[in-house]
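Got chain W sorted already, so can you dock chain V onto it with the hints?
Residue-level listing of the chains:
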Amino acid sequence: MDTDIVTGILVSEQGALSLEEMVEACGTEVEWIVELVEVGVLSPEGPDETAWRFGALDLLRARRLARLERDFAASAEAAAVILDLLDEIERLRACLIRAGVEAV
Amino acid sequence: MEFKDYYQTLGVARSAAEAEIKRAYRKLARKYHPDVSKERDASERMKEINEAYEVLQDPKKRAAYDRLGTGWQPGQDFHPPPDWDTGFEFRGSPAGEAFGGDFSDFFATLFGGAVGARHGAGVHRRGEDHHAKILIDLEDAFRGATRTVTLRVPELDAKGRLAARERTLNVQIPKGIREGQLIRLAGQGSAGMKGGRAGDLYIEVGFKPHAFYRVDGRDLYVSLPVAPWEAALGATVKAPTPGGTVEVKVPPRSQGGRKLRLRSRGIPGDPPGDLYLVLEVVLPIPETERAKELYQTMARELAFNPRRSLGV
Chain W
1 MDTDIVTGIL
11 VSEQGALSLE
21 EMVEACGTEV
31 EWIVELVEVG
41 VLSPEGPDET
51 AWRFGALDLL
61 RARRLARLER
71 DFAASAEAAA
81 VILDLLDEIE
91 RLRACLIRAG
101 VEAV
Chain V
1001 MEFKDYYQTL
1011 GVARSAAEAE
1021 IKRAYRKLAR
1031 KYHPDVSKER
1041 DASERMKEIN
1051 EAYEVLQDPK
1061 KRAAYDRLGT
1071 GWQPGQDFHP
1081 PPDWDTGFEF
1091 RGSPAGEAFG
1101 GDFSDFFATL
1111 FGGAVGARHG
1121 AGVHRRGEDH
1131 HAKILIDLED
1141 AFRGATRTVT
1151 LRVPELDAKG
1161 RLAARERTLN
1171 VQIPKGIREG
1181 QLIRLAGQGS
1191 AGMKGGRAGD
1201 LYIEVGFKPH
1211 AFYRVDGRDL
1221 YVSLPVAPWE
1231 AALGATVKAP
1241 TPGGTVEVKV
1251 PPRSQGGRKL
1261 RLRSRGIPGD
1271 PPGDLYLVLE
1281 VVLPIPETER
1291 AKELYQTMAR
1301 ELAFNPRRSL
1311 GV
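Protein chains in written order, with our numbering: chain W, 1 to 104; chain V, 1001 to 1312.
Okay, chain W solo, but in the shape it has when bound:
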């Protein structure tokens, strides 16, 4: 059993990971990530592929999308719509929480 304390790097919401790192973190192909950027599911900072920097939110979104595609045999487009709807639900839940109403 490891007992040492490991210290990591904080991946911020934006501007942290290169295209290559995203590909590795998602266990996927470059083309898949590029397509998600083209359809607007992911929004990296930077002018072109070599300079793209993705954030923690992009990584969480991409992995969620991959799960939705895989488990529902959904197209990238359909999975993207589901993803947007889930984001909207989360945004509304956050509003409820701010308003002190417990989201069920």
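A portion of the hints provided could be inaccurate.
A few chain W positions that, by computed beta-carbon distances, are all more than 12 Å from chain V [stated by the list, open to error]:
(1) Glu29
(2) Glu45
(3) Pro47
So the derived label-pair ranges between C-beta atoms look like this [stated by the list, open to error]:
(4) W/Ile97 with V/Val1312: 27 to 35 Å
(5) W/Ala94 with V/Asp1066: 42 to 50 Å
(6) V/Ser1223 with W/Ser12: 28 to 36 Å
(7) W/Arg91 with V/Ala1019: 35 to 43 Å
(8) V/Ala1016 with W/Gly15: 45 to 53 Å
(9) W/Ala94 with V/Arg1067: 50 to 58 Å
(10) V/Ala1019 with W/Leu86: 26 to 34 Å
(11) V/Ser1037 with W/Ser12: 22 to 30 Å
(12) W/Thr7 with V/Leu1233: 46 to 54 Å
(13) W/Cys95 with V/Arg1040: 20 to 28 Å
(14) V/Lys1208 with W/Arg91: 37 to 45 Å
(15) V/Lys1208 with W/Glu35: 32 to 40 Å
What the hints contain is simulated information worked out from the structure, not anything from laboratory work. Since the structure is predicted, the reported quantities are computational estimates derived from the model, not experimental observations. Just so it is clear, CB atoms sit at the ideal spot from N, CA and C, and this is done for glycine as well.
Same frame as chain W, now just chain V:
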């Protein structure tokens, strides 16, 4: 290890056709998919469903599984027959790999051999990245903390067979972390093949619900109960902050719902978040004659219609 009844998991008969198995899987996936489900144990259930489908949708794996016979009960202590992995070769769909470490020992024992064979043929290759999620207390984000994370990681044993190993890591939670951020631990993912680098481990951080603080990014919200006279006349009252109790001025003529912002009292960072106190006017219950008199005096002497905005 425990026997898994994959037919029971998907709720289909042993004679079910491929299309029927697919339908059952789709239906269960809609109900238990952790991304869309509100069921409490969704993520656990989805793992079982995925594993069952992984086996039953693949004719070769299904045939091998069926060969175990019908004499087994779910949860029964199971040992594979001695001649188990002769005569089978599983290729094509990734066995277990697709789930990260999320497969049962039962699955790994029956179907783990093929993965090893497939991977072993690879050359210089970087190890896979892994992902985990931990829940921390809000206070941990204020002070920083160390949290123990237990992971199930897929690994190849000496014979090249897939097995899940439990791994414990003590992870430093940096001060000022927010929900939605990730901690990236370099080299803590899968080991590389033939001199390839190890993968990384990404840890998603969420906050456990707090008894009274609500979190929005770096900002915190808390309901602050005040007496009617404190809201009406203004007062200096005590308020909790994660850094300790503070005194705040409630301005006169405040109503319930008014927000008082305590700058930089939210989650630390650059810039730090703010803490919002949301006033909640609480009425004393008139339990004594004297208390009733006070309310009656107000009723008599204040010309107050709380429903004026409704036009009644």
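Going through the hints against the structure:
1. Glu29: holds (14 Å)
2. Glu45: Its Cβ never comes within 12 Å of chain V, the nearest being 16 Å, so this holds.
3. Pro47: With a cut-off of 12 Å, W/Pro47 remains clear of chain V, as the shortest Cβ separation is near 24 Å.
4. W/Ile97 with V/Val1312: 27 to 35 Å: Cβ of W/Ile97 to Cβ of V/Val1312: about 33 Å, so the range 27 to 35 Å holds.
5. W/Ala94 with V/Asp1066: 42 to 50 Å: holds (48 Å)
6. V/Ser1223 with W/Ser12: 28 to 36 Å: 30 Å Cβ-Cβ, so the 28 to 36 Å window holds.
7. W/Arg91 with V/Ala1019: 35 to 43 Å: Since the Cβ atoms of W/Arg91 and V/Ala1019 sit about 38 Å apart, the hinted range of 35 to 43 Å holds.
8. V/Ala1016 with W/Gly15: 45 to 53 Å: holds (49 Å)
9. W/Ala94 with V/Arg1067: 50 to 58 Å: Between W/Ala94 and V/Arg1067, where Cβ atoms are some 51 Å apart, the hint holds.
10. V/Ala1019 with W/Leu86: 26 to 34 Å: Roughly 29 Å apart at Cβ, these two residues keep to the hinted range, so it holds.
11. V/Ser1037 with W/Ser12: 22 to 30 Å: holds (29 Å)
12. W/Thr7 with V/Leu1233: 46 to 54 Å: holds (51 Å)
13. W/Cys95 with V/Arg1040: 20 to 28 Å: Holds: the Cβ-Cβ distance is about 23 Å, inside 20 to 28 Å.
14. V/Lys1208 with W/Arg91: 37 to 45 Å: violated (21 Å)
15. V/Lys1208 with W/Glu35: 32 to 40 Å: holds (36 Å)
The structure fails to meet hint 14 from the earlier list, while all remaining hints are met.
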